[in-house]
Every structure is written in C-alpha cells, then in structure tokens.
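Student: Each chain, written out:
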Amino acid sequence: VSDADHQPSRTRVPMPVAALSDPHMGDAAKHPERAEKIIAVIFVLAIVFIALFGAAYWQNWEPWLLGGTIGVGLFLLGFGLTAWGKYLMPQGPFVEERHTLASSREERDAMSAALVERSAVVVKRRKMLGGLFALGAGIFGIVALFPLLRSLGPLPENSLEVTDWRKGTILVDSNGRPVRKDTLVVGGVMTVYPQQTVNPATGYITDNGQAIDQTILIRLSDEPFTTMPGREGWTPDGYVAYSKLCTHLGCPVGLYEQELELLVCPCHQSMFNVRNGAVPQFGPAPRPLPQMHLGYNDQGYLIAMAPYDQAVGPGFWERTT
Amino acid sequence: MSATAAKTKRSAKAAMGPFGHVGKVVDELDDRLGVAKGGRVFLDKIFPDHWSFMLGEISLYSFVVLLATGIFLSLYFVPSTDQVIYHGTYAPLRGQWMSAAYRSTVDISFDVRGGLLVRQMHHWAADIFTGSIIVHMCRIFFTGAFRKPRELNWTIGILMLILAIFEGFIGYSLPDDLISGTGLRIGYSIAESIPLVGSYLVSFLWGGRFPGNIIIPRFYIIHVLIIPLVLIGLLSAHLGLLVRQKHTQFAGEGRTEDNVVGSPMFPTFMAKTTGFLFMVTAATALLGAFAQINPIWQFGSYDASKISYAVQPDWYMGWLDGALRIMPSWEFAGWGHTIPWEVFLPAVVFPGLIFTICLIWPALERRVTGDVAMHNLLDRPRDRPKRTAAGAAMFALLFTLFGASSTDVLANFFHVSLNQVLWFFRFAVIIVPIIAGLVTYQLCKEMQGVHGIGKRKRALIVRLSPQGEYTTVETPPRPDDEHVELEPEPVPVRIDIEPLGNGGDLMPESSPTGVRQVTR
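Protein chains in written order, with my numbering: chain B, 1 to 321; chain L, 1 to 520.
A portion of the hints provided could be inaccurate.
[As the list claims (entries may be wrong)] Part of the chain L face toward chain B, derived, beta carbon under 10 Å:
1. 44
2. 45
3. 116
4. 197
5. 199
6. 200
7. 201
8. 261
9. 262
10. 282
11. 370
12. 373
13. 376
14. 416
15. 419
In case anyone wonders, no lab produced these hints; they're calculated from the structure. Keep in mind the model is a prediction, meaning the values are calculated, not measured. All C-beta atoms in this analysis are idealised placements derived from N, C-alpha and C, irrespective of residue type, glycine included.
Only chain B is shown next, with the shape it has when bound in the complex (with noise of 0.2 Å):
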C-alpha cells in the first residue's frame, strides 16, 4: 500500500515521467540527431515515390510502374517508421508482470457447484422433459444435414459409369467436324468427342463432352490389329480409340510418344501402351484406358461401335470391374 491511496488529492499521471532520465525512456541511437535526419530523409522519399505512384496511376504507366513507385514508396514508408520505433523511442527493456489467469479455488468450485448443482435441480428433476428435448436437438441436427448436402445436387446413380457415346455416335474433333478413313495419316492422333456433344451456340464441345466424353484417335497402322484378346475388329484401318481420361485421376493423356507408342498422362507420369491395350506401363494408373470399338457408318464416318463397357477415368467405391 503505498501512500497515494492514503491522498485522494493527488493526481495519477500515467506516463512514466519520472523515468525520463533514466536510459530505459531514452532513445536507443547513438547519435539520435543523425538518426533523426536519416529517417527524415527516408520519409521525404516516400513522400516522393509515393506521389509518383499516384501520378503513374493517374497517366495509366505499365503495371511494373505502379507496383515499383507503391512497393518502394510503401517499403521507405514502413521502415522509417520502424526506424523511428526502434532508435528513436522508449526501448526500455521494461517488465510487465504477469497475472496468474487461474481463479482461487473458491471461485473455480462455485462455477462448478453451479454448473452440476443447477443442472441436476433441471435436468435430474426432469429427465423426460430433457431426454425429449435432446432427442428433438439431435433429429434437428440430422434433418439440417439435408438442405446443406443433398440440395447441393443430384445424387450420383449412374452418372459416373456412362458416357455420351453410343452404339453409331459419330466421332467429332474439337470444331464438330467429323474424322473420316482419311483424316489422319499412320502415326497421327487426335482428340475426339460425341458428335452430339457439340454446342450449338458455340460450334464448339460443351463441357460435359470435353470432360466426359474425350477420346484419344490413334492411327497406328494401314491394316487393322488387335490390342486384346476379345477386341478383335476393335480398331479399322490401324484407327483405335481410347478414353482420353487417366485411371489416376482423370487429367488427359494428352502426350503421346509415336515411336515407343505411349500415352503419357503429364499430371503424374502414368504411362500406357496403345498398342496392347493401354496397358499401364508406368506410373500410379491402376487400370488401362477403356478402350472403343471402332467402325464405320454407311457415310463412311468414323463411328462407336458400342459404349465404352466400363465407367471411365478415375476409381471409386461404386465401379464395378
């Protein structure tokens, strides 16, 4: 207890006063006038880039201009000001006591007493009221789930197994035009779609077609071949067609190395081999790329001979092999 609290008069003043001469308050440069100047100097800079950033903005100079003048205008700004923080004000070190956060004993036990007290005159009294209005919380609690998951969207049903390819779709590129017998030579390859894919509007494939639906064209050779057991007649004049969505997970396999006649998906090297089957050769892919069976339309288009029999791209719970 000190005196004060003995004087009611006196005046509590809450800057360290009587601390001014004492090297906590002082400043904490050598030379604080230097320091002063130099810090002066630095503002008057950003004063000057600063303003330039405004006059950039206002003639519309190249965004490197903008960002130049603001970032070394901003960057002065802010360490002069720390300069100034750090030399020219009150460094002390000084000591702030800590104050224990935990409460007596008393206190923490009448919280408690309250807390167990209080609820078993509510609740224990009455179990049925608080059994009912729990059940009723929890059934809110599950029933809520429902707006915020399945308003979301559809369920999923079959949506992840089936594509837009069926028995006679026409085989598009990327501007709806159709591929014939001769549209790629032996060794080239092309992306192609549904022709019913094609957005009216645009001329161009619609989302669900370039996300679904792509399928990579290969011309491996002037005579037909087989890749698998059970594929036979699968790939006409050398064409064969597979899903152009990696097993892994579902980026395009949109490289291709001609001459050791492999896809190679760039997002994480999975590598397969066109000519067996798009067999992994390499890489994370669990399974092969569903491959088309090919033919032709009495137009002489390029056309799917059936769906592709199994659910594209990447594994989930519901894919049945």
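Keeping the supplied structure of chain B fixed, place chain L upon it in accordance with the hints.
Tutor: Okay, now just chain L, sitting in the frame of chain B:
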C-alpha cells in the same frame, strides 16, 4: 478585448483539463464504456523483442493485403462458366469463346487500371500468407511455445493453416484457366476416391458430374465470404488469446516465467509493427510489379480435354502431389466395389494424418513427457532434442515429398530415367526423415555440450613480430560484443505527483521530448 479573449481562452483551457482534447475524448469514452483502465493496460502491453516474433506478423499483414486486394478483385471478377466471346485488349485471345470467369480475369489483367498489379499482389500475398504461417508454426513448435497454457492457440493456428491451404487452392481455381481447371479435376478425383461417400460428395459439391457450371460460383462464395469469415473469427480468437495469455519469451537476464520483458505497445511496438505492415505490403507490391505470377492469359480458357506439359500445383500443394506420384498403383477391386488406394491413401488419409498429428501434438507431447506445468519461457530447440528431431523428421518428409512432385522435371534435368527418380523418392521418403531425425538429435546433444555457442565470434588479427613470429590476437570487443542488458524496469503503472499549486499549469506549452514534464 484582448484581455477578455485571453481570459476566455485560459478558462476554456482550464475546463479542458490537463490533457487537452485527448483527455476530453478519453473522459467521454470512459463515462460510457469504461475504457480507461483496460486501455491503459493495453497501451502498456509489453512485446518481447525477438526477430522470430515477427513471423506471425507477416501472416497477419499478408492477410490484410489479401483482404484489400481481394475486395478490389471482387469488383471485377465474374464467377460464371457461361460461354462468352473475348473482345478485350489481349490480341491472341480476341474472338475466342471462353468462360465469363476466365474473360473477366483476362480483363482484370489487361483492361482494369492497376488490375494486373493487384491480381499479382493477391497471388503473391497468398503464397506469403501460407508460407509465413508455416514458418511461424515452426518457431512455435521448435521453441515449445504451444505448451500449457497455449495449446488452444496452437490448435487455432493449425486450423488457420488448413483453411489457408484450402483458400489458396480454391482461389487458384477461380480464373477457370487451363492449369487451374486441371487442378480442380484432380481435386474432384481425390474426393471421388473416398470409399462409400466419394461419388455422393462430388455429385453434391459439383452439382452433378465434373465440371458442371456451379462449381465456380460456389467456390467463389466460399473463397470471398465463407473461409475469410471463418479465418477472421479464428484470427480474432488467436490474437485475443495472445493478449490474454501474454507473450512467451526466451530466457534471459531478468526474464522469468512470471514476467514479460520488452518494449511497450505504445508507442514503440505500434510504430515498429505499423512500419512492418507497410513493408510487408510493399514486398507484395514489388513482387507483384516485378515477378510475374500465374499469367493465365498464356494458358487459355479451361478445356477438360486439353492439358499442358509439366503441370504443377502451387507450392503448398506440392507435398500432396509428390505423395500421389510415388504411390504404387494399389487399386482394390472386388465384390462389386473399387477402392482407389493409390489416390485415397496419399491424398486423403496421409494429409489427414499429418494435420491430426499437428492438431494433437501438444497433448501427445504432454502424454510422453508428463509435463503439465505452465510454460512462459521458451525452449531452445537444442534443449529438447527429441521434439526438435521429430519436427526435423516431419519437415524432411514434407520436403522430400515436395521434391517428388517434380519427378519428371528432375529426370529431364539429370538425364536419368523417370523410373530411377521414382524409386529414388520411394526410398528417400522413408530414409531421409529417419536420417534427418537422427542427425538433428545428435546435433542437439552436441550443441548442448558446447559452452558459449551462439556468442558472436571476434575476428582474429595476425601479427608478425620483429623476430618473425606469428601470433594471433582477438580484435578488441565492439560495443555489442559485451552486451550488457539493462535490468528490466517495471512498467510504471502509476506515478504519484505532488498536489499542484497553480491549478492546470501542469506542463510547459511544448517540451523538447514531446513528453509532458511534470513537477514532482
């Protein structure tokens, strides 16, 4: 007349009280809100002076930059995948069909004044935000600042890191360019890989199959409202707890478990930290001005059937990408179901495990050490070799995985086969963390034994004596070498002043120091 005026002035001044307008405002506020006592304590709050305490400030201020630049961008960005034709300034894209989101991003880059700068600042600030959170977290971890009573604040920090990573990924996806679209597709496939619920999850989130037309608007509102709101809430709690529990500090002269030694909030820390805010902002502005980031106009609008070579995500996703690359293709198929372990394990289970370990680390460590005491003094990492080794092993693991996200680039660069690089990383991801942990442990042990480590070395002067003999002597100590710390001074809470004789004349009109002089 002049006498009357002077008198009025004097009486007005007397009525104003000794502290002028500021005092008046404090009085009025205190009448209504009772701010004087708490406010005074806040102005006197002591901040320990150590450079590592600024790391969290970098996160805070880059978040401020993110909010400011983000508000600017939201005025121009159109979150829609509607197909539109580009008619803007950038000639190579003119006349092309693209999504409205992509077009508006190109417009921000070329046709909005200052738009490109702000866009690049936003992206750089996001990278700095995530990076500085991680470095700040390292400081907290290796010095044991997460120990009782600060476990909750550690947890909040980890949650903010997770949110920052999600926020970054989502923001990266918004422009709907070719590279971000590919990232989004990978994200879709990862969610799809979760057993039982995966296909439902993606169907609900994307409103049907990928890509749909709802994900960009949804991600937009998540990016500009939902996650920032949660982040602001967590950030407030983070800082609130910091003020309530006060800073930790390194041990040193006059520093104990029961005090905090440093410089006061006002004016010293406030000046330094405000200056630092400006400098962090300046750093993002300079990066935005001179370091191009994410030039989306070069990538083209997203087309799910196109891809560019060497696709890599933003750096804070690299470890997950690396984990995906080196995982063997262990898909399970049977009984009418498929479990894509090669995706689910590295991209869902593994990060889940890492973040769970982070979240519960304080409890884990307490269980191992049995240390339930309160800690306000920080550990030196070498004094806790096991914790330091564990942290080093964790980072070695993450860095190795980060390296594994560049297998193709490394194979090209070193002219080795991709297969060799892959197998190298499959082994490295196990061996490197073990070695890093063991080496760190040993280093800590040995550093403990060396006395005086960390002291500044003095240069040696080599002298040749007339007899041709060489001797070395230390240079004379510079002032900072013999660092004698001032004994910390208690913050003067209240100073008692003699009753004043001539009411109101408390101080000279101006004092050279700017500090009020009071007769004692």
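Student: Return the status of the interface hint for residue 261 (chain L): holds when the least beta-carbon distance to chain B is below 10 Å, violated otherwise.
Tutor: 5 Å, holds
Student: Hint validation: residue 416 (chain L) versus chain B, beta carbon distance must be below 10 Å. Holds or violated?
Tutor: Residue 416 (chain L) check fails; min Cβ-Cβ to chain B is 14 Å, beyond 10 Å.
Student: Does the closest beta carbon of chain B sit nearer than 10 Å to the beta carbon of residue 282 (chain L)?
Tutor: Holds, because the Cβ-Cβ distance from residue 282 (chain L) to chain B comes to roughly 4 Å (cut-off 10 Å).
Student: Given residue 199 (chain L) was flagged as interface, is its beta-carbon under 10 Å from a beta-carbon of chain B?
Tutor: For residue 199 (chain L), the interface hint holds, since the closest Cβ of chain B sits about 4 Å away, which is under 10 Å.
Student: Please verify that hint: residue 200 (chain L), Cβ, nearest Cβ of chain B, below 10 Å or not.
Tutor: Residue 200 (chain L) check passes; min Cβ-Cβ to chain B is 6 Å, inside 10 Å.
Student: Under the criterion of a CB-CB separation shorter than 10 Å, is residue 201 (chain L) in contact with chain B as hinted?
Tutor: 9 Å, holds
Student: Let me know if the C-beta of residue 44 (chain L) comes in closer than 10 Å to any C-beta of chain B, holds or violated.
Tutor: 7 Å, holds
Student: Can residue 262 (chain L) be said to touch chain B, with a Cβ gap under 10 Å?
Tutor: 6 Å, holds
Student: Take the shortest C-beta to C-beta distance between residue 45 (chain L) and chain B; is it under 10 Å?
Tutor: Cβ of residue 45 (chain L) sits 7 Å from chain B, so the hint holds.
Student: Given residue 197 (chain L) was flagged as interface, is its beta-carbon under 10 Å from a beta-carbon of chain B?
Tutor: Given a least distance of 8 Å, the restraint on residue 197 (chain L) holds.
Student: Could you check if residue 419 (chain L) really has its C-beta closer than 10 Å to a C-beta on chain B?
Tutor: It holds, given that the least Cβ distance between residue 419 (chain L) and chain B is near 7 Å, below 10 Å.
Student: With a cut-off of 10 Å, does the beta carbon of residue 116 (chain L) approach a beta carbon of chain B closely enough for the hint to hold?
Tutor: The hint holds - residue 116 (chain L) has a Cβ within 10 Å of chain B, the shortest such distance being about 4 Å.
When each numbered hint is compared with the structure, violations occur for hints 11, 12, 14.
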